[in-house]
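Enquirer: Spelled out, the chains give:
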Amino acid sequence: MKIVVSTFTVLALFLLHQDVWFWRQARPLVFGFLPIGLFYHAAFTLVTAGAMALLVRLLWPAGLDTEGPPDR
Amino acid sequence: MTSALVVFAYLGIVLYIGAFAFRSRASGAEDFFLAGRSLGPVVFLLSLFGSNMTAFSILGASGHAFANGIVTYGLMASSSALIIPVCLLVIGTRLWSLGKRHGFITPVQMFRDRWECGHIGTVIFTLQTVLLVPYIIIAVIGGGTTLRAVSNGAVPFWLGGAIVSIVVMTYVFAGGMRGTAWVNAFQTVLFLLFGAVAVSVVAVGMGGFSSAMEGLFEVPATATLLTRERVSPLYFFSYTFIPLSSIAFPHIAIFCLTAKRLAHFKKTIVFYPICMLLIWLPSVFLGVVSNSATTVPAIRAKLDARAALSAGGPTLPAQERDRLRAQSSGDDVILRLVEGFAPPLLAALLAAAVMAAVMASDSQILALSTMFTEDVFAYYGGLKRYGDAAQVQTGRLFVIGLTLVAYLIALRVPQSIFDLATQYSFAGYAAMSPLLVAALFWRGSTKWGALASTLWIAGAVALVAWVQTVVPTPPTGTIVPVFGVGGMNVVTRATTGAMVFGMLPVVPMTLISAFLMIAVSALTPAARPRQATLARYFA
Chain L
1 MKIVVSTFTV LALFLLHQDV WFWRQARPLV FGFLPIGLFY HAAFTLVTAG AMALLVRLLW
61 PAGLDTEGPP DR
Chain E
73 MTSALVVFAY LGIVLYIGAF AFRSRASGAE DFFLAGRSLG PVVFLLSLFG SNMTAFSILG
133 ASGHAFANGI VTYGLMASSS ALIIPVCLLV IGTRLWSLGK RHGFITPVQM FRDRWECGHI
193 GTVIFTLQTV LLVPYIIIAV IGGGTTLRAV SNGAVPFWLG GAIVSIVVMT YVFAGGMRGT
253 AWVNAFQTVL FLLFGAVAVS VVAVGMGGFS SAMEGLFEVP ATATLLTRER VSPLYFFSYT
313 FIPLSSIAFP HIAIFCLTAK RLAHFKKTIV FYPICMLLIW LPSVFLGVVS NSATTVPAIR
373 AKLDARAALS AGGPTLPAQE RDRLRAQSSG DDVILRLVEG FAPPLLAALL AAAVMAAVMA
433 SDSQILALST MFTEDVFAYY GGLKRYGDAA QVQTGRLFVI GLTLVAYLIA LRVPQSIFDL
493 ATQYSFAGYA AMSPLLVAAL FWRGSTKWGA LASTLWIAGA VALVAWVQTV VPTPPTGTIV
553 PVFGVGGMNV VTRATTGAMV FGMLPVVPMT LISAFLMIAV SALTPAARPR QATLARYFA
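These protein sequence lines are chains L and E, in that order. Sequential numbering of the first sequence, starting at 1, is according to the numbering used here. Sequential numbering of the second sequence, starting at 73, is according to the numbering used here.
Don't take each hint at face value.
To be verified - Listed below are the simulated BS3-like cross-link pairs for lysine-lysine, each with C-alpha atoms no more than 30 Å apart in a straight line: (1) E:Lys-332 x L:Lys-2; (2) L:Lys-2 x E:Lys-456; (3) L:Lys-2 x E:Lys-338.
These are computed hints drawn from the structure, not numbers from a lab. From a predicted model like this one, the values you see are computed outputs, not experimental measurements.
Please take these sequences and the hints and turn them into a complete structure.
Expert: Quick look at the structure:
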């Protein structure tokens, strides 16, 4: 289930990144100066940080952790 | 001149931090090349992020946005914010674990062990080295551009590039990974602060950004900079392959081995997108806004050159077109903008922050030195025959020689930082990512699959370089057909470089690389490593 949720999250973000809906559109200017296409991708980046926090919880490879010395 | 003095003082500080401030008393390759696998979470985050952000991130991003508009952010920043942390989570953590358990220092050591191969590892090393050269070229161009701009031409491009290269090599050779990591952490803090300060200063200087934006809307040629209509959705999609290069870069893979604990990856993965936002949003936005900063003489000259280039179009002689293209290049536009609107001392401090990003080539220099000493010199018996001191010295000589080659190319290179990086380094390393994935996640992969993939990438990069050398750079907006089938253009040449089916070459390069890895491995099952080897990777 964790793998499914994680895969879906990454795929959804990937699709959201390919946003054709603001392709030829600059207005509205968010905060009066930020074109909507640029604002969208800035917001997308913030959402991605949240998604990474989720992925770290779901996919953390705890089994890889080792405190032992190198074997060679 | 104040700017130049501050920047030179900054170079001195960096030299001190890198060479002396965090020297360890421990000795040995693992301490020098990997800081003894002992980096804490904050330094690990800042230094790993910093080593991924070179001149490309401030100068290249703003220069590209100056010419192409807001699309620059989506092309590189938001896609990297998604793909790089995922790669760190899935691949970086495994690299760390294998490095810790088996003592690997370089990716090629791991490939050799995983696929039980020797000389194929050397072929991979050679390709990795060649593909890192454009990155070193970028650092030289960035250093030359920045020092020339902040000294108002008193420090010529060739000297600026040489100074930065020498400073970086000095502290890398003296401080190893520990020095490099601390310098990177210090530099990352500086250039993360740069964005917010620069935006504030320019906003005050321009009397707010709203009028600047409205000004850009009024002219059809600049109105399109506020949308993404200058590129096609297919071209935009093809850029999402580029961030795959990050984890395949040897300096990033090696950095993954420096964390003291696996848990240090957690903060890096979560905060990576935020760091991307902090550095790329201001760079791209200021690059776009520069188009309305007509009161700054240096930017005015760039805009005039661009207008002349556009008006002349294909009728211009190639030499004149190249001259205008160089004059309109935006690689130093952010420095010019800050210089035009900030008080001299603040402009100087901001220039030092730009220099911080430019000097992030240190980790590539260290990686090259590490790779040569471990993957070639030690592997072929040089260490046993000539000893530790000779190993270190030959590694340094190798890097000096390679940097000299990169320096000479940088003096002649006609391309922008952004295009140079994406066409060669990023594309080549993205296409190498299937090797890493196959080594870590597919038991059935073989050394012949890895060799086929590597040779394909080498050939493809050479083909791209050939197309871009043979077919002259066309005027902006013009596409020159190079190779077609049945009336359909397969390979074309645009201003930014070669394209395949309207996409960056990185797409076919990566897909065919993955296909060859799968197909050739499937055809050579007898070459699969022994069970004992596989057991170390797939417990």
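Enquirer: Tell me the numbers of any earlier hints that the structure contravenes, in ascending order.
Expert: 2
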